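J.: Given only the sequences and the hints, what does the whole structure look like? Please build it.
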Amino acid sequence: MPVIDLDQLDQLRRDDPHCLGLAWFAGAPLALVAASGEPGHAAMASWAAVAKAAPVLLRDGPVVSPEVLVRSAQAMLLLAERDTGVVAVVVAATGATTGLALVQARMMASKIAGIAGAAATGAVRAIGTNGASGATG
Amino acid sequence: MTKLGLFAMFARLAEPPDPGTGAWRIRTDDGREGIVLMEAGRLCWANHDLGGRLSEQIERRYGVSRAVIDQVSRSCRETGRPFGAALVELGHLTPPQLSSVLREHTCRSILSLVKSGIRDCEWVAHQGDGYAPETTISVTQAACRCVAFVKGLGAERLEDSLEAMLAGDAAGMLIHIGSRLPYAASEATMSWQNLRGWLTWTLRTDSVCPLPSRGYATGRGAVGGWVMWRADDVVGVAVTTNDDAQRRLLLRVASTLADWTVEQPA
Chain X
1 MPVIDLDQLD QLRRDDPHCL GLAWFAGAPL ALVAASGEPG HAAMASWAAV
51 AKAAPVLLRD GPVVSPEVLV RSAQAMLLLA ERDTGVVAVV VAATGATTGL
101 ALVQARMMAS KIAGIAGAAA TGAVRAIGTN GASGATG
Chain D
1001 MTKLGLFAMF ARLAEPPDPG TGAWRIRTDD GREGIVLMEA GRLCWANHDL
1051 GGRLSEQIER RYGVSRAVID QVSRSCRETG RPFGAALVEL GHLTPPQLSS
1101 VLREHTCRSI LSLVKSGIRD CEWVAHQGDG YAPETTISVT QAACRCVAFV
1151 KGLGAERLED SLEAMLAGDA AGMLIHIGSR LPYAASEATM SWQNLRGWLT
1201 WTLRTDSVCP LPSRGYATGR GAVGGWVMWR ADDVVGVAVT TNDDAQRRLL
1251 LRVASTLADW TVEQPA
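So the protein lines, in turn, are chains X and D.
Residues in the first sequence are numbered from 1 upward in steps of one, following the working numbering.
Residues in the second sequence are numbered from 1001 upward in steps of one, following the working numbering.
It should be emphasised that the hints constitute simulated quantities derived from the structure, not laboratory data.
If you're wondering where the values come from, they're calculated on a predicted model, not measured in any experiment.
Just so it is clear, CB atoms sit at the ideal spot from N, CA and C, and this is done for glycine as well.
Keep in mind that a hint or two might mislead.
To be verified - So the derived label-pair ranges between C-beta atoms look like this:
1. D:Gly1154 to X:Thr98: 30 to 38 angstroms
2. D:Ser1179 to X:Ala92: 29 to 37 angstroms
3. X:Ala48 to D:Thr1200: 17 to 25 angstroms
4. X:Pro29 to D:Thr1200: 17 to 25 angstroms
5. X:Arg59 to D:Gly1052: 56 to 64 angstroms
6. X:Arg14 to D:Asp1233: 37 to 45 angstroms
7. D:Ser1179 to X:Arg14: 43 to 51 angstroms
To be verified - Looking from chain X toward chain D, a few residues come up when the C-beta cut is under 10 angstroms (computed):
8. Val68
9. Leu69
10. Leu77
11. Asp83
12. Thr97
T.: This is the structure we're talking about:
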């Protein structure tokens, strides 16, 4: 399993005040590789729950969807299937900010996919486990 | 033959030999017979000895007097004119009322057949051009209406709630999470396999990602996509087949879900 620069994830999350959490999952069955923050979403309270739900939502539905959005009253979870695995981004969102939140979540997902891709190819070296980020191996 | 339950019965009805126009002759445990007529794979009429009479439903629902019904019925027997069409022509029913009562009669007759225990189900192809029915109902819609009837819910109101969200852009259904049953299916074509597959997937999704009330989830694929939404204990699922329809559907769900009303099963 590739390792990821956790500080980069934490920095990404801090850069966006609306971002509640982000994570990268890989493998089969899908498992959490790294995360920063918490999902804090009404539909999925933990990253483990996200890992369990992601394949069902992305791959098993009536239409296979490389991107799935789960919206509750306060938050939006974006799941995106990438070459390196699945990226999850949770952003705070009210009704008025849905469009903007989605754009931000997509940008964030691209950046995480980039970091994950670099980690997968060994371009980024692991700099240790950030306990505060809640990352797991 | 093993007795067929409601869903097994509909699974059988859903697969008439091509071109799907003809009659299912059904024998029940009590030795009685029933019939389900189909036109191009859609249900147009069902009857069972123990099922309620269409005339009684017309009287009960629309207040058409027994005397008028008997008079029209006699006249139709003499002239060969269809009974329902005559009631409309004479102004006793509107076309939507006729459609509604015919559909209810069909569904209640199917329920009566299932309740009596189906022992034999034989297909007889129609020899002519079909039954030329004014009103047909899809197998999936009929199955969901039967469920709604059994649960004492307003099948048409549930369908109206569903169509308010779909607006012709998608096929879909409403599922009651508590009972794990579908209560309404869309007017837009949805096969029996679609119904079973989408129901199974929605329930599975709910077990791993239970949407909060007034929450929704959506995915978009190469062509079309899906939207799932929830109001209390009812989950809607809709599937589109093109990007424009998907955009419209998602916008409608996102903008109207907070105020969307749907009858909640007890």
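J.: Which of the numbered hints above does this structure break?
T.: Hint check: 5, 11, 12 fail, others pass.
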